[in-house]
Each structure stands twice: as C-alpha cells, then as structure tokens.
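So for the sequence shown, my numbering puts the first residue at 188; every next one is plus one.
FYI, nobody ran anything at the bench for these hints, they're computed from the structure.
Among these hints, one or two may not hold up.
[Claimed, not checked] Below, a list of computed lysine to any residue pairs in the SDA-like style, where the Cα atoms sit at most 20 angstroms apart:
(1) K281 x R347
(2) K243 x A254
(3) K293 x S242
(4) K259 x C195
(5) K243 x R232
(6) K239 x F285
(7) K281 x L308
(8) K293 x A282
(9) K304 x A327
(10) K346 x H299
(11) K281 x A257
(12) K281 x I258
(13) K281 x W271
(14) K243 x L226
(15) K259 x G325
(16) K281 x H292
(17) K259 x I274
(18) K259 x F205
(19) K243 x A297
(20) K346 x V301
(21) K259 x F202
(22) K304 x V251
(23) K259 x I201
(24) K259 x L204
(25) K281 x L244
(26) K281 x T300
(27) K243 x G194
(28) K243 x F285
(29) K239 x V251
(30) K243 x L302
(31) K243 x R347
(32) K243 x V287
(33) K239 x R343
(34) K243 x M188
(35) K346 x I291
(36) K239 x C195
Keep in mind it's a predicted model, so treat the numbers as computed, not measured.
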Amino acid sequence: MANIITGCRIMFSIFLLFFPAFSFRFYFCYISAGLTDMLDGFVARRTGTESKFGSKLDTVADLVFFAVCAIKILSEVRLPTSIWIWILIIALIKASNFAVGFAIHKSFVAEHTVLNKATGLLMFLLPLTISFVDIEFGAAVVCAAATAAAVQEGYRIIKRKR
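The task is simple: from the sequences and hints, build the whole structure.
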C-alpha cells in the first residue's frame, strides 16, 4: 500500500507538467503530491511494510517531484545570481554525497535525516508562500537548510558502517 501511495506521488508530479504554475490545478496536484509524501512513510511504518525498495522508490519519487517543481516553478520566478550559485553548490554537494556513498558502500545511499525532512518541508512550503513572502528571503532560508542537510548527509554517509 505504501508503495502505491509513493507511485501516486510520481503520478501527481508528472501531472504538474501539464498545468500552468500557480494555477488551481497545479496547486491541487502539488498539495496532493506533498500529502502522499507524508502518508507513504506513515503507512509503511504503521503496517510494518517498510522495505529497502520502498525507501529507494520514495527517494526516486522525491527526485521526480523536485525536478518537475524546479522546471515549473523556477521558470516562473526571478532569483538573483547568488541564489543560483548557492543552488549549484548544494547540487554539487549532493552529487558528491551520492558518489562517495557509492564508492564506499557500493550502492547509492540517501540519508533520511531530520534536516533533510525539514529542508523538504521548507521547499514544499516555498511555492505556497510566494504571494506573501519575498522569494529571495524564502529561497535563502531553503538554501541554508539544504546546505546544512547536504553537509550532514555527507558526514553520515562517510561514517555509516559498511
């Protein structure tokens, strides 16, 4: 059941591509995808059906949701160059984490830390606050959290037992 919910997140994420950013249909799919993100892990833990496959599927669903949102939302807002550079640095840290995790553990490793979850929540809330919170301020808050989460994740990947 949890994996079906995760699959729904992928479906809602893909549907986002077909609606104008910040429209009612966009927000419906966006919020639905966010709710499935919260629900799948809860259902898996509650039903005792947690699995490595489910964890990896969740990571894939998160990446699909993030990529689609980046395509739709970032094309609609203007961010200063400094924020774009910061985003690039975070992406490089995350890519390094995957490479190091693969080199050390012979598999792709993703840490589901509290900081990663907090960053995800902040990223999720950002488009919902765009009409009343300055985008530069909101983006800086998200980038600060994402930087801390990426550094923590890298540390945990290196320290993880084989």
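Which numbered hints fail: Every hint satisfied by this model.
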